[in-house]
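Asks: Given chain Z, work out where chain Y should sit, using these hints.
If you read the protein sequences in the order shown, they are chains Z and Y.
The numbers in the UniProt record's numbering rise by one with no breaks, and the one at position 21 of the first sequence is 21.
The numbers in the UniProt record's numbering rise by one with no breaks, and the one at position 229 of the second sequence is 229.
Simulated from the structure, these hints should not be mistaken for laboratory data.
Since no wrong hints were added, every one of them can be taken at face value.
Once the Cα atoms are required to be at most 30 Å apart in a straight line, the calculated DSSO-like pairs of lysine-lysine come out as:
1. Y:Lys707 to Z:Lys144
2. Z:Lys92 to Y:Lys707
3. Y:Lys652 to Z:Lys128
4. Y:Lys706 to Z:Lys144
5. Z:Lys128 to Y:Lys726
6. Z:Lys92 to Y:Lys706
7. Z:Lys89 to Y:Lys664
8. Z:Lys73 to Y:Lys706
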Amino acid sequence: MILVDGITLLCNDLEVDPQDIIMLVISWHMNASTMCEYSKMEFLRGLQELSVDTVEKFRDKISYIRSELNDEKKFHDIYNFAFSWAKEKGQKSMALDTAIGMWRLLFAEKKCPLLDHWCQFLQTRHNKAISRDTWSQLLEFFNKVDTGLENYDAEGAWPYLIDEFVEYLNENGINHSKME
Amino acid sequence: MSNQKKRIFQIEAFQNRVVVDPKYAEKTWKILEHAIHEIYNHNASGLSFEELYRNAYNMVLHKFGEKLYSGLVTTMTAHLKEISKSIEAAQGNLFLEELNRKWNDHNKALQMIRDILMYMDRTYIPDTHKTPVHELGLNLWRDNIIHSGKIQSRLLSTLLELVHRERTGEVIDRGLMRNIVKMLMDLGSSVYQEDFEKPFLEVSAEFYRGESQKFIECYDCGDYLKKAEIRLNEEIERVTHYLDAKSEGKITNVVEKEMIANHMMRLVHMENSGLVNMLLNDKHGDLGRMYNLSRRVPNGLAMIRDVMTSHLRETGKQLVTDAESLKDPVEYVQRLLDEKEKYDGIISLAFSNDKTFQNALNSSFEYFINLNSRSPEFISLFVDDKLRKGLKGVSEEDVEIILDKVMMIFRYLQEKDVFEKYYKQHLAKRLLSGKTVSDDAERSLIVNLKTACGYQYTSKLEGMFTDMKTSQDTTQGFCSSHPELTDGPTLVVQVLTTGSWPTQPSITCHLPFEMSALCEKFRSYYLGTHTGRRLSWQTNMGTADIKAIFGKGQKHELNVSTYQMCVLMLFNNADRLCYKEIEQGTAIPASHLKRCLQSMACVKGKNVLRKEPMSKDIGEDDSFFVNEKFASKFYKVKVGTVVAQKESEPEKQETRQRVEEDRKPQIEAAIVRIMKSRKVLDHNNIIAEVTKQLQSRFLANPTEIKKRIESLIEREFLERDNSDRKMYRYLA
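In isolation and in its complexed conformation, chain Z is listed as follows:
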């Protein structure tokens, strides 16, 4: 098993920050079951998928790996993968802090004006763990619904938490994306 120390070494060799989102993508390739741990099988599987067998080749692949985040389908998979990976082993839901951290990481490059409101909403109103369904539906929500919330459908089978979020936005008058 490669644990935290080993991973730090790996990051040094690759010249990436351990907090860099690229580590998530690499873990995804490996299909790692939990963060900060790679089993031998997972490690080898990942390298095979990336077709690298030396550190240099790995380093060269970094920009490609980073670009994978821009592919919509891959991002979708990576995003959903992140849930099982980042949550505590053996738990069904993800702790709120972890979730917020992950979201910030994942959506850092994407244009997501509602993200801050979402995190604030959770911290003030919800304060509990995040379920898998909420996690996966959030991506759909950000993709499908405009910032102005004009096409938000109340009957749209969104998770209850997201409905509450919309209410929260309406209450605080944050749903106007038009110029005043």
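Replies: Relative to chain Z, chain Y alone:
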């Protein structure tokens, strides 16, 4: 004997042609013309029918049909012109009579003429497609008399004048009217319609327009409707007496439009006499009339129904939010029952049990009863009151009637599960304190609930009754197997199955020695026959009867709660006890203890204890003594009963919370049931199906259903479909 030669007869054709006398036609016609004159001059008796018929026959036969026919037309026309003049000359009232008389004459004449000319009618006329004699006679009458310039308008205005007079109360010659009108009808339906009916309807419309305007200003709603009804009936009667039956619908439409439809709004909403006023005052007669008249008018019934509905909803809303009646649940429910009865009466007596009105009533009641979330609790309290004392001495049938009425109100509740919770609580108290007026009434109500809500609703309630019965047997068994205990205190035990009875936190206290020993004996007896069960004493629900002797030797039997008994028994061993000592000695929780002491020391007539200081509230430093001076008129004194009461705010919140908690598994069960059979279903349909399934118990909240779905997704009973996020799939 002659020797005559045989002669053969020969028949020879005529050798000379028969020449018809050229003047023959003229001569024959003259005969007939003369006859017609005579007929019109009422001199027909001198004529020979046979001869005239033959003449006419011959004319036609010899091809003079044309002459005959045109001669007929000319002659008849001339006569009619004469007649016309005489009718025109008639003065005033005699006009119609003259017209009528002449018409009868004409018909008689026509009849005879037709008979005479029958051959022509049957041969020449069909062949030449000319108008048959009878019809010809009518047409000529029409053209020369009815449509003659001087007669046409005079006829119409006379008729209309007469109708108008009759409407204003005069008596007219209806027979004459009938004949004239029949004449018009005989002349053809277009004559009747153009020359009479159309103008008649127009004039009538104007008349009723004016009259209704007048009436609406000076009559109130009820009286106006009476007037309208009278007018309507008058017109119908008029038609039967002297108009064409087909006119009935048309004239009634006119009246309905002018007198009712045009003023409907104003009538219904008339202040102090309109629909609302009638409803408030149960004016069945007026309401019935309004119903019948509105039925005749497009959207009339809909309008009344809407006004009734909104009035009822408003009244109902006030009923359920009125602060006064909210203080007394029994009063609250009684008012609802009264209101229902009132409207049932109105609908059956005045609205002829119209189903649409019945439905409006039901939806209104359902609407406002559920506006107040305490309705289920109050209804249960009402029933409780009835079953405790209200139904004492009431006959079995009357009991049924009252319970049926309550059941009707019950059906309007949307939150039937809340009612169930309260009902269970109240029933428990009734059963345990033995305070039911009639066992049959209780059972009957349970049966009614079962019919309304299904067997599951009542299975636990029935369990409670079973427990009571079984406990009776058990107690008996206990007493008979321990004959040595007959000298000591008598123990009556009710063994309650936990699942059936409302859950209470079980708080035990220290029982006095005599009792605890007895209780232990019972426990061993029971567990001896029922192994594997656990018994826990519910000391907060029991009662006791104690014999007490006070300072001056007054003897009383006190009926107290178990807690009160524990407190009192302490005074057998001490004259004075302070609050803390009592608390320690009995281990009764503080709030209950305070209530208990208060009921024994601070209530007039029940103050078996004396307290120092004499304040109303129980303080932790108070001291208690037996009240040696206790006095009561009665030997048996009831000190504190466990009566069902309207809940306090915190209690209500608690119950409501428990109900909400209970609903969650029910919703989940419904979701799972539905998904199991459908396998895949979209969001909106699940919500609809679940709501429908749970409808008989409570109104499911879509948000709550959504939360349950998410919970089930979390627990991997369901999943979202990969391509359509609004679809859910059942995971086996």
